[in-house]
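Colleague: Here are the chains, one letter per residue:
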Amino acid sequence: MKPGVEGPPAWAERLLAAALPDAGWRDSVLGDLHEEHASRARLSPRRARLWYAAQAVRLSARYRLRLRKKSKPWTHGRRKRGQTMARLVADARFAVRGMWKRPGLAFLVVTTLTVGLAANAAIFSALNALFLRPLAFSNLPRLVRLWETAPGTDASDAYDRSNVAPGNFRDWEAQSAGVLETMVALQWWDANLRGQEVAERVQGYRVSPRFFEVLGVSPQAGRGFLAEEGQAGADRRVVLGHDLWQRSFGGDAGIVGRSVIVDGEAHVVVGIAARGFRFPDGAEIWAPLVLPPAGGAPYDRHYLSAIAALVPGRSLDDATSVMALVAQRLQKDHPDTNAARGIAVGRLQKSYQDVGLGPILALWQLAAGLVLLMACINVANLMLARGAERRRELALRLALGAGRGRLVGQLLTEGLVTSLLAVAASVPLSIWAAREMRQHMPAEIARFVPGWDAIRVDGLTFAFSLALGVMATLAFTLVPALRASRPGLVDALKEGGRSATAGAVRQRGRNVLVVAQVAGALALVVVAALAVRSARDFLSGPQGYDPDHLLTLRITLPESRYREPESRRAFARKAEERLSALPGVASAAYANVLPGRPASASRPIQVEGEPAFDRRNPPAVDLRTISPGYFETMRLPIIAGRALAASDDENAHPVALVSRSLARRYWPGRDPLGRRFRLGDEKAPWITVVGVSGDVIHHWASRRNYPTCYRPYAQDPRPDIAVALRTAGDPEALITTARLAIAGVDPYQPAYEVWSMRRAISISTIGIQYVAAIMAVFGGLALVLAISGVYGVMSYRVSLRTLEIGVRVALGASVGDVLHLTMAQALKLTAAGLLIGGGLGLALGRALSSMLIGAIALDVPTLAMATGLLAATAALAAYVPARRALAVDPARALRSE
Amino acid sequence: MVGANLGEFEEIVLLAALRLEDEAYAIPIREEIRRRARRRVARGALYTALERLEEKGLLSSRMSDPLPERGGRSRRYFKLTARGLAALRASRRARLDLGQGLEAILGKP
Numbered sequence: 001m002k003p004g005v006e007g008p009p010a011w012a013e014r015l016l017a018a019a020l021p022d023a024g025w026r027d028s029v030l031g032d033l034h035e036e037h038a039s040r041a042r043l044s045p046r047r048a049r050l051w052y053a054a055q056a057v058r059l060s061a062r063y064r065l066r067l068r069k070k071s072k073p074w075t076h077g078r079r080k081r082g083q084t085m086a087r088l089v090a091d092a093r094f095a096v097r098g099m100w101k102r103p104g105l106a107f108l109v110v111t112t113l114t115v116g117l118a119a120n121a122a123i124f125s126a127l128n129a130l131f132l133r134p135l136a137f138s139n140l141p142r143l144v145r146l147w148e149t150a151p152g153t154d155a156s157d158a159y160d161r162s163n164v165a166p167g168n169f170r171d172w173e174a175q176s177a178g179v180l181e182t183m184v185a186l187q188w189w190d191a192n193l194r195g196q197e198v199a200e201r202v203q204g205y206r207v208s209p210r211f212f213e214v215l216g217v218s219p220q221a222g223r224g225f226l227a228e229e230g231q232a233g234a235d236r237r238v239v240l241g242h243d244l245w246q247r248s249f250g251g252d253a254g255i256v257g258r259s260v261i262v263d264g265e266a267h268v269v270v271g272i273a274a275r276g277f278r279f280p281d282g283a284e285i286w287a288p289l290v291l292p293p294a295g296g297a298p299y300d301r302h303y304l305s306a307i308a309a310l311v312p313g314r315s316l317d318d319a320t321s322v323m324a325l326v327a328q329r330l331q332k333d334h335p336d337t338n339a340a341r342g343i344a345v346g347r348l349q350k351s352y353q354d355v356g357l358g359p360i361l362a363l364w365q366l367a368a369g370l371v372l373l374m375a376c377i378n379v380a381n382l383m384l385a386r387g388a389e390r391r392r393e394l395a396l397r398l399a400l401g402a403g404r405g406r407l408v409g410q411l412l413t414e415g416l417v418t419s420l421l422a423v424a425a426s427v428p429l430s431i432w433a434a435r436e437m438r439q440h441m442p443a444e445i446a447r448f449v450p451g452w453d454a455i456r457v458d459g460l461t462f463a464f465s466l467a468l469g470v471m472a473t474l475a476f477t478l479v480p481a482l483r484a485s486r487p488g489l490v491d492a493l494k495e496g497g498r499s500a501t502a503g504a505v506r507q508r509g510r511n512v513l514v515v516a517q518v519a520g521a522l523a524l525v526v527v528a529a530l531a532v533r534s535a536r537d538f539l540s541g542p543q544g545y546d547p548d549h550l551l552t553l554r555i556t557l558p559e560s561r562y563r564e565p566e567s568r569r570a571f572a573r574k575a576e577e578r579l580s581a582l583p584g585v586a587s588a589a590y591a592n593v594l595p596g597r598p599a600s601a602s603r604p605i606q607v608e609g610e611p612a613f614d615r616r617n618p619p620a621v622d623l624r625t626i627s628p629g630y631f632e633t634m635r636l637p638i639i640a641g642r643a644l645a646a647s648d649d650e651n652a653h654p655v656a657l658v659s660r661s662l663a664r665r666y667w668p669g670r671d672p673l674g675r676r677f678r679l680g681d682e683k684a685p686w687i688t689v690v691g692v693s694g695d696v697i698h699h700w701a702s703r704r705n706y707p708t709c710y711r712p713y714a715q716d717p718r719p720d721i722a723v724a725l726r727t728a729g730d731p732e733a734l735i736t737t738a739r740l741a742i743a744g745v746d747p748y749q750p751a752y753e754v755w756s757m758r759r760a761i762s763i764s765t766i767g768i769q770y771v772a773a774i775m776a777v778f779g780g781l782a783l784v785l786a787i788s789g790v791y792g793v794m795s796y797r798v799s800l801r802t803l804e805i806g807v808r809v810a811l812g813a814s815v816g817d818v819l820h821l822t823m824a825q826a827l828k829l830t831a832a833g834l835l836i837g838g839g840l841g842l843a844l845g846r847a848l849s850s851m852l853i854g855a856i857a858l859d860v861p862t863l864a865m866a867t868g869l870l871a872a873t874a875a876l877a878a879y880v881p882a883r884r885a886l887a888v889d890p891a892r893a894l895r896s897e
Numbered sequence: 001m002v003g004a005n006l007g008e009f010e011e012i013v014l015l016a017a018l019r020l021e022d023e024a025y026a027i028p029i030r031e032e033i034r035r036r037a038r039r040r041v042a043r044g045a046l047y048t049a050l051e052r053l054e055e056k057g058l059l060s061s062r063m064s065d066p067l068p069e070r071g072g073r074s075r076r077y078f079k080l081t082a083r084g085l086a087a088l089r090a091s092r093r094a095r096l097d098l099g100q101g102l103e104a105i106l107g108k109p
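As given, the protein sequences belong to chains A and B, one line each in that order. 1 is the number of the first residue of the first sequence in the numbering used here; add one for each residue after it. 1 is the number of the first residue of the second sequence in the numbering used here; add one for each residue after it.
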């Protein structure tokens, strides 16, 4: 203790000073107390301090109450409420002063919470934009989507729901009056728009004329479609998307009423869509859909989407039951096409959502919540340590008659001030994080995720943060507050008020925190490692062909100008010739579909000699129609038989190569060469297998080593053409040259998705890359939080035992004994945490891989590394303070306090 | 009438301040009340009363120079104003008048 007469306790002075409203009175009151304290301190400094503290607490309480009466005499009748407010303000001021006094601690606490809150806000902003309100149409609450259901197919994907046959649509429209109104049909449309210079492929939709009306959106300029524009001959009209209008026509308002060339034909622009309207699937151009007349509409071609509005007063359930009756009637009327076909009705918003999105967002939010929980545990630990320091202040106030609730209230207020600071600090961080999330998604993908471009931190997100902040406050303050305000008065007030070893209950509380932190961190690290590993595998693992030095592009030949198979063959051949002649191109080849993109084409397969397949649930294989040089250009190995030759043309016998997986599935243990199969029903020709190729990863989630057959393009010329160029150098250097070469074949024909194969793969794996990146960030945060948290708790615990260690050493314990004692405990706790965390991580990992089909199993090296790191931290956190305690002279340790 | 609403405690505080003359600040006032009136006064109550009496214009105060024994703070010395004195007198007279003839029961004032 310092020599000479000590001043009064600083905290008590601060407490009182904060309560005294008027500067003049503050000086005289504090001075009086100081003076009296000095005279008492000459007799007994200890008693004087106690006395001072008691006076300070009483007086400050008195002044706070008085403050109220004086400043707001009219609130006298509502004193209770005013009092509460005054307390809150005073407590908040006290809290701020307390933080100001200990800036290091305050910074640590606020930073920890900020990170936790920002992580949650960023994820919530995505959840909010993608899940809660991705579509913003004024009619949204009434809008439903309808699609067909059939046994054996699951229309879980938004695209699979574009399966309504025109005949069915006509009947639905006619028979649903009373529950549904303004039913509209939509058809996917790859529009080739001739802009100022080169042709551009734009995502378009052909829609029933009342499309804009049913959604409740109106164009920014011009109008939507008129009913008569849904008739053949009057349908050469388009509405342009806002961005397309800006991009291709420079935002010229005079374009309305003029003609543009779409798919090689003149269309009159009747309107410009409102900015931000890109429904569905990021559409940028809309044209009227001409449906075949009732009676002539087919029932066996399923390609329309159907949207309708519920009649006011009718519910989704009403619509579902009415449509079920309609489906039964159609089954009877059209038994050949509609047997077993049903009708599903779903909310528009929900039915355009990616089904995989919900679980992933939930997983992210869960992980973010876990990070926040760990941040709270860290803060709670700091508060517990701080609470031990403040124990005497609180005990004194308790002894002088302060209610326990009052003290808990004050500590909660202090926590709240901290949380509010953290919420404020988390706003810029979460805005940044949301922007990162939004911008790193390639536009090619983002447009199919309704709401992606709307991810931002808005009022709702802020409110969410605020609510979380309050919850976090409760989480990290309540336990320390209740503990600190527990009446252990005598102990706390005694000068040597620190007991040799903290009570068992207190110990157990901290043990639980350590175990929880280690477990949480390990669980997150395991899941993160899993996701990162899977993403890396899909991105850069073997693909079955050589994806390097490969430039790819797509072309869709419009029906209007390439109606004849011969014209498509000619276009493909010419394009291949031109492209392979380009300098820097080793070879070029084409197919209907290339790997690395979600697009696919599949057919039912009938193997010769096998029973006819079940028509309701046929076995499907992927169909690729390729040019003869395809295998060579792709470097896709041929395992048996031969490649296709130029002579395998439309006049030759139908032939095909099959993938190894197809051969194994349909001719297990037998030589597939020379065998025959059919794609489709009896009308389709028999096809002879001439070779077997290796398997490819077409798409990481749904098409890995999937049975595939390769047919000559010449024998099945489809309008979809995807070209691959094997280049000598950087494939992306040839993008412009390749585009121009295609324009040289047909200036009206745009090439799109001109990407290197590596880029295509990267885009197609963006989903798991996002999962991996976000989980990696969370895993890293959790690990850092756990390490600092475990270190904090362990070292604090050991430092509390300094006295005990002193006694042990004085009684002859060796250094080894003491280290063993402290470290064994640390390691035991860590081990328990690791065990729980490992289990939790494996369970989460399993959940993750069921969400992302094919995510791979446990990553042992990462698991071992995280485990080791956490164990080492705990050991170090026990070792360092134990060493420090050992370095203290035992006699001194015994005397200390 | 001036001083009609002087409370009993206020009267005591004014009396103590009057007795202490130039030494009237909170600590001695409280001590004086304790010794003479044999009454322990809560510190806060005393400050409240002093403040209120000053507001009513019955007391005036001045600050001393900062003093080391007070941690560098000043003393607030109080002095009765003319109104304060008048109020004290009026209150005292009222008591005496009321008590007249009751000496047999109450004892000599």
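Bear in mind the hints are in silico, worked out from the structure with no lab data behind them. Backbone N, C-alpha and C fix where the C-beta goes; we use that ideal spot for every residue, glycine too. A few of these clues could be false.
What the hints assert, rightly or not - The calculated lysine to any residue pairs, modelled on SDA-like cross-linking and capped at a C-alpha distance of 20 Å, are: (1) A/K574 with A/D716; (2) B/K79 with B/E103; (3) B/K79 with B/A45; (4) B/K56 with A/W25; (5) A/K350 with A/D281; (6) A/K350 with A/R161; (7) A/K350 with A/R314; (8) B/K79 with A/W25; (9) B/K56 with A/D281.
Claimed, not checked - Some chain A residues judged to face chain B by a derived CB distance under 10 Å, without partners named: (10) H37; (11) S39; (12) L43.
Colleague: Each hint needs a verdict: does it hold in this structure or not?
Modeller: Structure-based check of each hint:
no. : hint               : result
1   : A/K574 with A/D716 : holds (17 Å)
2   : B/K79 with B/E103  : violated (33 Å)
3   : B/K79 with B/A45   : holds (19 Å)
4   : B/K56 with A/W25   : holds (17 Å)
5   : A/K350 with A/D281 : holds (14 Å)
6   : A/K350 with A/R161 : holds (12 Å)
7   : A/K350 with A/R314 : holds (18 Å)
8   : B/K79 with A/W25   : holds (16 Å)
9   : B/K56 with A/D281  : violated (79 Å)
10  : H37                : holds (9 Å)
11  : S39                : holds (9 Å)
12  : L43                : violated (15 Å)
Checked against the numbered hints given earlier, the structure breaks hints 2, 9 and 12 and satisfies all the rest.
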